[in-house]
Amino acid sequence: MRVLLMTLALVSGLSLNAQAKAAENLMDGITLHQICGPFKVPKNKYKHGLCAGFLVAIADIYQSNPNDDFCFVVPEVDPRKKMIEAYNKWGVENPQERKVDGWVAVLLALNSEFPCPK
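Just so you know, we're using the numbering used here here: the sequence shown kicks off at 167 and counts up by one.
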């Protein structure tokens, strides 16, 4: 019984570690640009939701835990639309930088478009 419990604990720990690693590399900047880039008006609700959800989630995480390296202030009026536009603009202007993890690409784009006042 003790061996079974130890085995289950080990397997569940490995599973959680694998999930954490998978979330870390959930989406790269290239894929995110492909999802966010093709529309001005959201014709594909799934892509729009995935794009907006990813951008909003990353922005919320970093705005609630400020970091000097990625400081940004998202506009209060229509923030989702503004973030999507900012990410698309950054993606077009910085194609080589899109190779990073998606969350890093979002931070770079938001920091570029909406930098904190100095």
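Calculated from the structure, these hints are not laboratory results.
There may be inaccurate statements among the hints.
For lysine to aspartate or glutamate, the following EDC-like pairs were computed, each having C-alpha atoms within a straight-line distance of at most 20 Å [said to hold, decoys possible]: (1) K284 / D235; (2) K284 / E251; (3) K284 / D267; (4) K255 / D267; (5) K247 / D235; (6) K265 / D244; (7) K284 / D244; (8) K211 / E251; (9) K211 / D244; (10) K211 / D235.
Verification of the hints:
Distance check on the hinted pair: K284 and D235 sit about 13 Å apart at the alpha-carbon level, within 20 Å; holds. A hinted pair counts as satisfied when its Cα atoms are at most 20 Å apart, and K284 with E251 does not qualify at roughly 23 Å. Annotation: proposed proximity of K284 to D267 is violated, straight-line Cα distance about 27 Å (limit 20 Å). A threshold of 20 Å between alpha carbons decides the hint, and for K255 with D267 the separation of about 17 Å falls inside it, so the pair holds.
Our distance criterion of 20 Å between C-alpha atoms is broken by K247 and D235, whose separation comes to about 24 Å. At most 20 Å may separate the alpha-carbon atoms for a hinted pair to count; K265 and D244 exceed this at roughly 28 Å. Using a Cα cut-off of 20 Å, the hinted pair K284 and D244 is violated, with the two alpha carbons roughly 24 Å apart. Pair hint K211 plus E251 holds up; C-alpha atoms about 16 Å apart against a cutoff of 20 Å.
For the given pair, K211 sits about 17 Å from D244 by alpha-carbon distance, which is consistent with the 20 Å threshold. Between K211 and D235 the alpha-carbon distance is near 33 Å, which puts this suggested pair outside the 20 Å criterion.
Checked against the numbered hints given earlier, the structure breaks hints 2, 3, 5, 6, 7, 10 and satisfies all the rest.
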